[in-house]
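Please take these sequences and the hints and turn them into a complete structure.
So the chains spell out like this:
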Amino acid sequence: MRSFLYSFDFSIRSLLRRKTKNLSITLLFALIVFIFSGIDFMSNSLYESTLRALEFQPSIIVQKVKAGRQVPISLDGADKISNIFGVAEVRGRVWGYYFDPYTGANYTIMGAPEGLLERDILPTSLDRFHKETQPLRHGEAFAGIGVLEARGLIVGEELYFNDCEDKPVAFKVRGAFSSTVSLWTYDMIVVTEADARSLFGVDRRKAWDLAVYVPNEFEVPRVGEKIISMIPGARVIATDQLKRTYGSSFGFRSGVLLASSMTCLLAFLILAYDRVAGLSQEEQKEIAILKAVGWQTRDVIRLNMQQSLILSLSGFLLGIVLSYYHVFATNAPLLRMVFSGWSVLYPPYPLPPFVDPSKIFGLMFLTVVPFIAVGIVPVWKASIKDPEEVFRS
Amino acid sequence: MLSHLKTYCALVAVLVALFVGALVDSQLRCFPANTARRLKCISPLLPSADPGLNNSARYIRHLGLATPGSAFTDYPGQPDYLPSGMAWAPPDFAGLLQARAVPAERLTIGDGLP
Amino acid sequence: MSAISVEKVSKIHNSGRPNEFRAIVDLSIDIPSGQTTILAGPSGSGKTTFLALLGLMSRPSSGRIAIQGKETTLLSESFRTVFRRHHIGFVFQHFNLVPDLTVKENLDLVLYPNGMTLKRIRSVREHVLERFGLLNKADYRAALLSGGEKQRLAIGRALMNDPEIVLIDEPTAHLDTALSKKVIDLFLSLKKEKRTLIIASHDPLVLESGIADRLVHLRDGRLVEEAA
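Protein chains in written order, with our numbering: chain A, 61 to 453; chain B, 35 to 148; chain C, 4 to 231.
Since the hints were made in silico from the structure, they are not lab data. If a hint is listed, it holds; no wrong ones were tucked in.
Cut-off 20 Å, straight-line C-alpha distance, at most; resulting in silico cross-link-like pairs (SDA-like, lysine to any residue):
#, chain 1, residue 1, chain 2, residue 2
1, B, K40, A, T86
2, C, K107, A, R73
3, A, K79, B, C43
4, C, K107, A, L65
5, A, K266, B, P78
6, A, K79, B, L39
7, A, K441, A, P430
8, A, K441, A, S453
9, A, K445, C, S81
10, B, K40, A, R73
11, C, K122, C, D142
12, B, K74, A, Y107
13, C, K122, C, N164
14, B, K74, A, L114
15, B, K40, C, G118
16, A, K303, B, K74
17, A, K419, B, F53
18, C, K195, C, L210
19, A, K419, B, L62
20, B, K74, A, T240
21, A, K81, A, I432
22, C, K107, A, L76
23, A, K445, C, S18
24, B, K40, A, L76
25, C, K122, C, R134
26, A, K441, C, N17
27, A, K419, B, L57
28, A, K419, B, L49
29, A, K345, C, E108
30, C, K107, A, R77
31, A, K345, A, V437
32, A, K345, C, H97
33, A, K79, B, S37
Pairwise CB distance ranges, derived in the manner of DEER restraints:
#, chain 1, residue 1, chain 2, residue 2, range
34, C, S81, A, V316, 47 to 53 Å
35, B, N68, A, V434, 46 to 52 Å
36, A, P430, C, F82, 29 to 35 Å
37, A, R358, C, A176, 30 to 36 Å
38, C, H177, A, R78, 24 to 30 Å
39, C, A176, A, K441, 30 to 36 Å
The model shown is predicted, which means the values in this text are computed figures rather than measured ones. Glycine residues also receive a C-beta, built at the ideal position from the N, C-alpha and C atoms.
Below, the structure is given as structure tokens:
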């Protein structure tokens with residue numbers, strides 16, 4: 061134990077003798093870990109958030125496709141689907157995007173199901189501000205904070221839009237969504253279904269898509285197949301499919317970012333190679349001196365492994381800690397653009413910090429361990445040479 | 035004697051403490067019950083579970099046609115058809131937004147405050 | 004009892020290559036315990052190579068070397084290192100100090116693998132520093148020491164493990180006359196401790212210092228003359 065402590069202390073002092081080089085390696089190591097873990101933190105957090113919301117989403121979404129384009133679907137289909145065994149509820153949804161020329165932002169406007177109560181979506185506001193429950197009425201809206209900020213409004217004021225015939229429509233803001241769910245609601249406006257229909261010009265017997273609720277998840281594929289056979293041209297999107305798509309989409313973005321970080325990785329590999337592959341004459345002589353004064357080969361290898369461990373562990377911890385605070389505390393200014401896309405209404409961060417410890421330790425295994433391992437062979441080669449041979453050369 | 039080791043151990047201890055702090059923080063903050071309850075409330079109103087951060091343009095709630103790798107693109111490798119495009123950012127509206135922005139303290143009615 | 008027994012030892016450098024060179028040829032010698040032996044001879048006579056063989060820093064091409072009765076030629080690399088650590092101190096011609104380490108650190112290096120307590124390491128180190136007049140230079144980097152100080156440090160390092168055998172290669176090669184005499188005085192004090200000293204030198208100052216119990220002349224890797 062004592063000799064271990066001494067050699068660890070000696071390892072640090074040895075590293076300090078080449079401060080600039082070793083500090084560069086540590087910082088580059090930290091940068092690599094920072095980038096890789098940052099990408100993983102960000103994509104994992106978004107993916108997990110999405111999955112959380114997916115839990116409460118309909119099991120199947122049915123769209124109508126004509127000429128490769130989505131078109132409104134007839135509500136007759138909803139009646140047919142509701143007769144399928146295993147289907148608990150089918151609901152036609154009327155929703156769309158609204159481009160606001162004044163702010164340059166796009167809002168998502170959703171037609172609420174009939175009888176939507178404020179307490180259903182704004183649970184605490186009811187307790188704090190309202191004595192009785194009132195359903196959402198014609199001409200009223202619940203809005204995301206982003207919408208209110210962009211429009212410069214407060215609750216109680218009016219939101220103005222132009223409908224599909226370019227006639228102005230006003231909605232009184234009844235309330236704003238909680239900031240805790242602003243990841244989903246920052247750009248959202250909820251109005252009554254009838255208001256949404258008139259705003260977007262959707263027929264009464266049509267909806268933009270159908271939300272199908274199937275309580276037993278094992279029945280979803282069977283129900284999906286039946287829907288396809290019942291409604292020609294239907295596109296059936298199951299929750300599982302969405303999960304896969306979200307996964308591949310986040311994976312794609314991570315991949316793009318990782319690919320663009322290759323230069324950084326290459327620089328790191330060059331530095332690491334320089335450190336481990338080509339022991340300089342000076343380093344070889346130092347090993348020979350250690351051997352001459354009584355260090356065994358295993359002592360020398362241990363010294364090298366300790367040095368690698370010190371550099372890589374410091375770099376790893378530094379990188380992972382910085383990455384965590386960058387993503388989950390400072391709103392990931394360096395990665396947000398890649399993952400968020402180009403948006404006018406960015407939801408306020410920080411993201412919920414979903415961290416998978418096994419991934420962190422996996423990253424450690426893939427960075428620290430190889431960094432230590434690659435140094436062993438060259439040092440072993442140098443340390444089995446007779447000291448005299450090295451001194452003579 | 036062993037002074038370098040002690041200094042290094044102190045440094046690593048700080049980093050490990052921050053690392054463990056991050057892990058604990060992630061466990062505490064990742065999805066509090068409050069958020070889960072609210073998400074459950076608003077979820078039926080969402081057009082999709084997608085937080086809308088996923089596409090080239092945030093406002094496209096469905097991945098569908100715009101997302102590479104999507105299970106239901108129109109055809110494989112379909113480019114983004116949106117006006118904002120994939121490579122170029124939309125015009126900078128930040129100034130406009132700032133001019134119209136309302137201070138947070140004005141948004142005191144309802145429950146929409148950060 | 005012989006401290007070192009060498010029997011028909013040869014050392015060939017670059018064996019089988021065009022630049023093959025026979026540094027030591029069939030050399031046999033017995034070195035009694037507690038005596039001081041001087042290996043004399045011109046440059047290239049094989050003194051340094053022979054010391055390296057005795058110090059187990061190189062393997063003979065043929066022959067056998069026994070140190071304190073233990074046959075060392077067939078020992079594994081690891082055993083040779085441990086044996087060297089416990090029984091042999093080596094003072095190199097070019098000192099072979101680690102230049103970026105301090106005087107203290109250069110000395111401590113020797114004791115690290117022994118698993119000593121901090122207190123013991125400190126006490127051994129302080130003793131050596133005091134004995135060789137390096138106390139006030141303890142925190143200096145080895146690279147900043149003068150030639151004489153480097154030599155004293157190299158000797159001190161060789162004695163850190165308190166070895167019975169001390170091998171010294173050209174100790175006065177880089178020193179002026181005054182410093183050389185001081186170094187010779189140090190060797191005399193080691194001799195009084197009944198250590199077995201083997202000094203390779205062709206410096207008349209060393210040869211005539213009277214330190215030697217035995218003088219051995221080498222030429223072209225062969226033992227040509229031996230005198231008491």
